[in-house]
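Peer 1: The residues making up each chain are set out below.
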Amino acid sequence: MSSTNGDRQPVAIEVQGLHKSYAGVTVLDGINISVKPGEIFLIMGPSGSGKSVLLRQIAGLETPTAGQVRIDGMDPSLEETRDKVALALVFQSGALFNSMTVFDNLALYPREHRLHTESVIREKVMEALQMLSLTKAVAKFPSELSGGMKKRVAIARALVMQPQILLYDEPTSELDPIMGATIAEIIASLRKEIAVTTIVVSHDRDLAMTIADRVSIIMHGRIKTEGTPDELRASKDPEIVDFLNPTINLENPRFRNMEASNE
Amino acid sequence: MTVLTRFFENIGSVVLLATRAFSHLPSIGRQTARVIEQCHMIGYTTLPIVTILSFFIGGVLALQSGISLQDFGARQFIGTLVGESMARELGPVMAAILLAGRVGSAITAELASMKVYQEVDALVTMNIRPERILVLPRIVAVLLMMPILAIVAVVIGWLGGAVVCQYVTMIGVDWDLYFQSLKEFLTVKDVLGGLIKAEIFGIGVVLVACNTGLRTRGGPREIGLSVTQAVVQSLILILVMDYFITRALI
Numbered sequence: 000m001s002s003t004n005g006d007r008q009p010v011a012i013e014v015q016g017l018h019k020s021y022a023g024v025t026v027l028d029g030i031n032i033s034v035k036p037g038e039i040f041l042i043m044g045p046s047g048s049g050k051s052v053l054l055r056q057i058a059g060l061e062t063p064t065a066g067q068v069r070i071d072g073m074d075p076s077l078e079e080t081r082d083k084v085a086l087a088l089v090f091q092s093g094a095l096f097n098s099m100t101v102f103d104n105l106a107l108y109p110r111e112h113r114l115h116t117e118s119v120i121r122e123k124v125m126e127a128l129q130m131l132s133l134t135k136a137v138a139k140f141p142s143e144l145s146g147g148m149k150k151r152v153a154i155a156r157a158l159v160m161q162p163q164i165l166l167y168d169e170p171t172s173e174l175d176p177i178m179g180a181t182i183a184e185i186i187a188s189l190r191k192e193i194a195v196t197t198i199v200v201s202h203d204r205d206l207a208m209t210i211a212d213r214v215s216i217i218m219h220g221r222i223k224t225e226g227t228p229d230e231l232r233a234s235k236d237p238e239i240v241d242f243l244n245p246t247i248n249l250e251n252p253r254f255r256n257m258e259a260s261n262e
Numbered sequence: 000m001t002v003l004t005r006f007f008e009n010i011g012s013v014v015l016l017a018t019r020a021f022s023h024l025p026s027i028g029r030q031t032a033r034v035i036e037q038c039h040m041i042g043y044t045t046l047p048i049v050t051i052l053s054f055f056i057g058g059v060l061a062l063q064s065g066i067s068l069q070d071f072g073a074r075q076f077i078g079t080l081v082g083e084s085m086a087r088e089l090g091p092v093m094a095a096i097l098l099a100g101r102v103g104s105a106i107t108a109e110l111a112s113m114k115v116y117q118e119v120d121a122l123v124t125m126n127i128r129p130e131r132i133l134v135l136p137r138i139v140a141v142l143l144m145m146p147i148l149a150i151v152a153v154v155i156g157w158l159g160g161a162v163v164c165q166y167v168t169m170i171g172v173d174w175d176l177y178f179q180s181l182k183e184f185l186t187v188k189d190v191l192g193g194l195i196k197a198e199i200f201g202i203g204v205v206l207v208a209c210n211t212g213l214r215t216r217g218g219p220r221e222i223g224l225s226v227t228q229a230v231v232q233s234l235i236l237i238l239v240m241d242y243f244i245t246r247a248l249i
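In order, the protein sequence lines correspond to chains R and V.
The first sequence runs 0 to 262 under numbering that gives the first Met the number 0.
The second sequence runs 0 to 249 under numbering that gives the first Met the number 0.
Chain V on its own, in the form it takes in the complex:
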């Protein structure tokens, strides 16, 4: 099978999986416990790493841009630059990349193990659709959690930038000036655009992870390969989608 055929087969399979999962949406009320469990895994357990990473990304952004803007005498715009970069781009993208690495890989490993060890077949013989109890709760959970993760990433990134501006003497932009310039140019549209991106990235990551897991055949080696494949595909998908969503939102 050629790479191109495999690529289109994968896309078709993801679309089919999403369609089947969403067809069970009316029964989601009966799956509240599973959705809460997934919210915990997707949201709560990912929050610490998102917080740490965003803080330092905001900080590094302020540091790098601070030095460059100083050369043009425009250091008062550091807040604007960090604020817009985090809200429109880095917040949602970083949250999605961490989701792919931390949650996407775990989802693929779990579903691939279930597939290889015939638990998925057992569900099918019980007339329980795997899409209903394995995929749909994860999609709903990511839809609920992704905006929270993105907002945390954005706000913590802003704080990281503020701390660097305040305490790194060679930048010398105080807290008030930083937030004043951040507020001056940042619009609701910027933040909403970031949240829309985060939602789309989140669904993409979960669908790729579930699809790769449920298509796994073989043994432990194939489970490992599936996890790698899911993470790589998710990362590529995030960056490709990022370009097109950004184009659409501009």
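Excised from the complex, chain R in its bound form:
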């Protein structure tokens, strides 16, 4: 992949007053986020807080119940927006096409959009695989890959798209600490190597504090706080402090009080 992202420039993302509910149950309640072009923006929060749902609204896979998401001023759920803005989403599970080899997974986007000749596609796919140390996996099927490799292939597939926006859903979950750190390094390196606006959804504190320009913490469907990693570290809010530095208290375990706090 070249150091520039073709002639594509990173774009801004605006989320305004977003509400999302399913069958009357509110999952997101008045979310406002503004991501600058080229920024790495991290969305953190406990499990079930609505992080992945928010990412699906940003990716245009679902439409908000109220409020709006704008990518470069356009609605991401519209086909015209996808024609104009290249957006790639790295799914938590990888979402690789199981019936295709790693090569075909990566080549699908440029082939379907007739972006290059077959030889140029091969070159670009191999370049992306090389960047993520995956050249040996080129002929393998997703079922033959480890969890970490699947995540890296998913990132490589996103890179071939030369995206202006790169969204990651829990990129370090289910990975060992070394592989988690490797993925974090990849995300940070990619921002330098290709011009891209990045949004990462994660509850990995180390990832957030190391690579993010800004972090937003969502709790119970609302934004609890937003700031730089340093600002979050300095936060005195007990919920934020507890979320970022949880202590294991065997005398008064959290799970005993969980139900009461959920009510």
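Hints were generated in silico from the structure; no laboratory data involved.
Since this is a predicted model, take the numbers as computed values, not measurements.
A hint or two may mislead.
To list a few chain V residues with every Cβ distance to chain R over 12 Å, as calculated [what the hints assert, rightly or not]:
{"#": "1", "residue": "Arg29"}
{"#": "2", "residue": "Leu122"}
{"#": "3", "residue": "Met125"}
Looking from chain R toward chain V, a few residues come up when the C-beta cut is under 7 Å (computed) [claimed, not checked]:
{"#": "4", "residue": "Ala58"}
{"#": "5", "residue": "Phe90"}
{"#": "6", "residue": "Ala94"}
{"#": "7", "residue": "Tyr108"}
{"#": "8", "residue": "Met208"}
Cβ atoms here follow ideal geometry from the backbone N, Cα and C, with glycine treated the same way.
On the provided structure of chain R, position chain V as indicated by the hints.
Peer 2: Showing chain V alone in chain R's frame:
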């Protein structure tokens, strides 16, 4: 949601899916490989079961009708009865039922898995319409393969009837008499009517299978439920459509 609302929602969803898929028809030339792959799955792999089943259906039809017609002294018309029944009704219907059970269920299982494991979402984020690469090649393949399956079903059914007539002594209608009576009353319209039915059934089965697969939410249990639902809906659809197409063709 009431059963009726769900029923109409399903119909609307199938119509929408068909419209979206056909809107990509101009790009079908670029999907030749996918169409060939689907032709193999829909046509070639279904052929053995269609052949076996049709042979025995033709045979049983000849056996049952042979005994009854003997009572009226009309056993020379067994060929006509088997010939017309297979061409107008049993050939296309049996081919469609086997398509629903064998291919429809596989399509639903595949697309439902792709949906549940977010492969369909991945296509959408890549700006590749699932209707274009997942649905349209299957529709085109079934349009190409269904007449072949129906013709094989009809001809093999005739042969099954002929073998029974020839070798079951209590019927005692020889090969020549059987085919003579078959040819005497069978018209091109009968065969064409059967092929039209087969085409409509085929498109219906594929659309129901694709729609059910792409609407699946949940996990492995829901994938199984979707497969069952697609097969049941297809079978009902085939029989309901059969009545109305037959009425229209008469």
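Peer 1: Hints first: check each against the structure and report whether it holds.
Peer 2: Structure-based check of all given hints:
1. For V/Arg29, the requirement that its beta carbon stay farther than 12 Å from each beta carbon of chain R is not met, with the minimum near 8 Å.
2. The beta carbon of V/Leu122 sits about 8 Å from the closest Cβ of chain R, which is not more than 12 Å, so the claim that it is off the interface is violated.
3. In this structure V/Met125 is not separated from chain R by more than 12 Å, as the shortest Cβ-Cβ distance comes to only about 5 Å.
4. Below 7 Å, beta-carbon pairs count as interface contacts, and R/Ala58 has one with chain V at about 6 Å; its hint therefore holds.
5. Given hint, R/Phe90 at the interface with chain V, holds; its Cβ is 5 Å from that chain's nearest Cβ, closer than 7 Å.
6. At its closest, the beta carbon of R/Ala94 sits 4 Å from a beta carbon of chain V; the interface hint therefore holds under the 7 Å criterion.
7. Among the interface hints, the one on R/Tyr108 holds; its C-beta lies about 5 Å from the nearest C-beta in chain V, closer than the 7 Å criterion.
8. Evaluation of the R/Met208 hint against chain V yields a violated restraint, the C-beta minimum of about 28 Å exceeding 7 Å.
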